[in-house]
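Chemist: Sequence:
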Amino acid sequence: MYNGVEFMISANLKYVLLTKDIKEVYRNTRKAKYIIQEINTPVHSHLSPFLHHQNSHNQDIPFIQEVMWSSLHSALVFVYENNIFYKPEAISNSAIFQITYTGSDYVFNGVPDWLYQDEIMKTRKCLWLSPDGKYLAFATFNDSLVGQFKYPVFKTNHQYPEIFSLPYPKVGTKNPEVTVSVANLEEIQNGSYVTTNKPDLLLKSDMYLINVVWSQNHKIAVIWMNRHQTISVVSVCSKPHWQCQEIPLANMTVESGWVDPSPYLIFSHDSNAFITILSIQDGEGRYPQICHVDIQTKDITPITHGRIVVTKIKAWDYRKHVIYFEAAPEGKPSQRHVYNVSDSVSLANKWYCMTCPAMEASHNVSTITQFNFSSILPFDSFRSRNKTNNTAQWPVKTDGCLFVRSHFPRYHHPILHYVLECLGPIVPKVFVMNVSNDTPTFLLNNQTALAAKYAKMAKPQIKIVQVELDSGYIAQVKLLLPPILRDQIGMEFPCVLYVGSSPGHQGVTEEWGIDWNTFLVSSLNFVVAIIDARGSSGQSDELKFEIQKKIGTIDVEDQLSVLLYLRENYKFIDKTRTGVWGSGYGGYITGKLLEQDNGTFQCGVAVAPITSWKHHVSVWTERYMATPNVTDNYRGYEESDLTRKVSHFRDKKLLLIHGTADKVVHYQHSMLLVRAFAEQGVLFRHMTYPDEDHDFSGSSKHVLQVMENFWNECFGPIEYEDYEEGLSFLSFAQ
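FYI, my numbering numbers position 390 of the sequence shown as 393, with every residue one higher than the one before it.
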């Protein structure tokens, strides 16, 4: 009837909000039309800031940027044309209050601008309602002084291209101005709100907003970071005037790395303290740990210790005095598990893993010397070993559930149950878990159809190994091996190195998934290697910070040295047929490997590569490269530029792919590289996709076909007799 594709239910369970006609704005933002339906009657209305639109036809319904239910009865907060509105009752002719009036093409209230939605918060909305629904905190982003990125759009029915523009701050240029304000919804008047003060500690520089969190006692914590990304501060603001108290959390020099402020923060029950994730020294390394912060004394006390890497704080059960969190176990960065720990700050707390398998089941991570085929064949060994018991249906705490995501109730204490997603290595399943005994209460989603289809496919054999680097650090390596690979058969297979999309990226995990690399392995019989070395996350901060001001050097060195080590130790890798590919930063490393390598790689595919860092986005680039000023890292920017040594690309096979409307890595990057190639007489393959953004959503099939043809041309014909006809596009059956 309404063609709704999503729904949200009001707090009083009387109304449902239906979403329809969704249109993407940026990668993480959108606009859509909404219908409010009373659950027990046929009564409905359209969500609109104008009362006369509430019963209009579909074509008259305005597009709303974002909407959320309040916890107070059936009230709604929504954003229209970058302004915030409050509707106290879901369906009525009562007044709709407009809270902000400053919204424009360059001022965003309650929704993020391009920079914040893509690079910082990565969320659709910047609205935060207090737990009781009485107050609304919101962010405002002013892009008036931000430089404009302009790009043509080649619509087929237009005689001339249209020119679109996007506020896009590049290295060393103006960033958006951001403020946080609070409105009292019980005494709402049009345009009435209070803007909180920014931390004095950061006033001398630009600053970034990381998150806003409410306590249950009408306090907010505003998490800030300076532009140099060396200082993080939490401002705790209280009603009625919302004056803030500053609490410095981290301070470090640019040479030693950067602060990585966590968005995860939970107030204590009395709002006199909070917990968050901070980097803590443990022996020779620093690791993210849960810390207790006293607001009055500003004392910081670690709650967790050791070499686990805490990634998320999920809940704080005040009645049980227990904190629940997700972390990577020590020595197993590819895994994610749910843990709990006492909230005591005076005891030597010991954490407990609620989802880790028994020791005898935790054997999937090995050193390179322990690698053997019998430990990985067949790939779906978990299911085959458990056909006679119920573990296949309940894989929690087994080697079938090594990468999890959890969902805990926010305000219901004591916590008795939580939802657990087992995301790998087997096909994902979703359970409701009993907190008291760490066992599933019932199965929410078994993914039966997906699992049955996947079982019929010829799947990659997956192995995670560790390789020690010359620097002393340990690189994590994920190998995707062809289904037909057997240790008793002396076959050699082409090998493709895949490089992730950014420094700090973790590509080696136990999470299940099917992507382009899966196709290369299962359909083309390639070996795909993914390497997490210096600059990657999931291990110590020292490993991650090694990349500081060194992009294009040690990261290239590690990828090359580990790949050479794999080629020497695994006889099934064909040394004469080796390639590399990646997108964004991965495309940049692809180019750098071809530029610096002498014969290891026969070909490479660079998708939307960053070629000159001074043309990339401010927050992302300055984190790793600082600024290109002569007094800072001018030399690093110049030496890392991919256009400086293009003569080294002669006799290398390169496929360059880019979309003209790429908002993340601008087409400008590829054009600079193309100009340099032309000036030096370097031949290469190039595919340009009109009006395509970074994800090539309108041309993805063609992009993949072009890449497949390129690999086939690069490696030549590959013939194997020892295989069976496949049952799907993943061609080889086991």
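Hints in this document: simulated from the structure, not taken from any laboratory. Be aware that a few hints might be false.
Straight-line Cα separation of at most 20 Å, SDA-like style, residue types lysine to any residue; simulated pairs [as the list claims (entries may be wrong)]: (1) Lys137 x Asp63; (2) Lys353 x His295; (3) Lys315 x Thr300; (4) Lys137 x Ala253; (5) Lys173 x Thr691; (6) Lys158 x Thr691; (7) Lys353 x Thr451; (8) Lys34 x Asp63; (9) Lys466 x Asp297; (10) Lys301 x Tyr355; (11) Lys704 x Arg688; (12) Lys323 x Thr442; (13) Lys137 x Lys177; (14) Lys578 x Tyr670; (15) Lys177 x Val110; (16) Lys315 x Tyr355; (17) Lys655 x Lys704; (18) Lys666 x Thr32; (19) Lys656 x Asp696.
Chemist: Next, verify each hint and record whether it holds.
Modeler: Do the hints match the structure? See the list:
Only pairs whose Cα atoms come within 20 Å are accepted, and lysine 137 paired with aspartate 63 is rejected, the gap being roughly 32 Å. For the proposed pair lysine 353 and histidine 295, the alpha carbon gap of about 15 Å is at most 20 Å, so the pair holds. At roughly 25 Å between alpha-carbon atoms, lysine 315 and threonine 300 are farther apart than 20 Å, so this suggested pair is violated. Using a Cα cut-off of 20 Å, the hinted pair lysine 137 and alanine 253 is violated, with the two alpha carbons roughly 32 Å apart.
The straight-line distance between the Cα atoms of lysine 173 and threonine 691 is roughly 23 Å, outside the 20 Å bound, and the hint therefore fails. Distance hint between lysine 158 and threonine 691 is fulfilled; the C-alpha atoms sit about 15 Å from each other, no more than 20 Å. Distance hint between lysine 353 and threonine 451 is unfulfilled; the C-alpha atoms sit about 38 Å from each other, more than 20 Å. For a cut-off of 20 Å, the pair hint linking lysine 34 to aspartate 63 stands: about 15 Å separates their Cα positions.
In summary, the hint linking lysine 466 to aspartate 297 is not supported, as the alpha carbons are separated by about 44 Å, beyond the 20 Å threshold. For a cut-off of 20 Å, the pair hint linking lysine 301 to tyrosine 355 is broken: about 28 Å separates their Cα positions. Between lysine 704 and arginine 688 the alpha-carbon distance is near 18 Å, which keeps this suggested pair within the 20 Å criterion. About 19 Å separates the Cα atoms of lysine 323 and threonine 442, which keeps this hinted pair within 20 Å; it holds.
At most 20 Å may separate the alpha-carbon atoms for a hinted pair to count; lysine 137 and lysine 177 exceed this at roughly 35 Å. With a CA separation close to 34 Å, the supplied pair lysine 578 and tyrosine 670 exceeds the 20 Å bound. For the hint linking lysine 177 to valine 110, the alpha-carbon distance of about 15 Å falls within 20 Å, and the restraint holds. Straight-line distance between C-alpha atoms of lysine 315 and tyrosine 355 comes to about 15 Å, which keeps the hinted pair within the 20 Å bound.
In summary, the hint linking lysine 655 to lysine 704 is not supported, as the alpha carbons are separated by about 26 Å, beyond the 20 Å threshold. Of the pairs offered as hints, the one joining lysine 666 and threonine 32 holds, with about 13 Å between alpha carbons and a cut-off of 20 Å not exceeded. A threshold of 20 Å between alpha carbons decides the hint, and for lysine 656 with aspartate 696 the separation of about 25 Å lies outside it, so the pair is violated.
In this structure, the earlier hints numbered 1, 3, 4, 5, 7, 9, 10, 13, 14, 17, 19 are contradicted, and the remaining ones agree with it.
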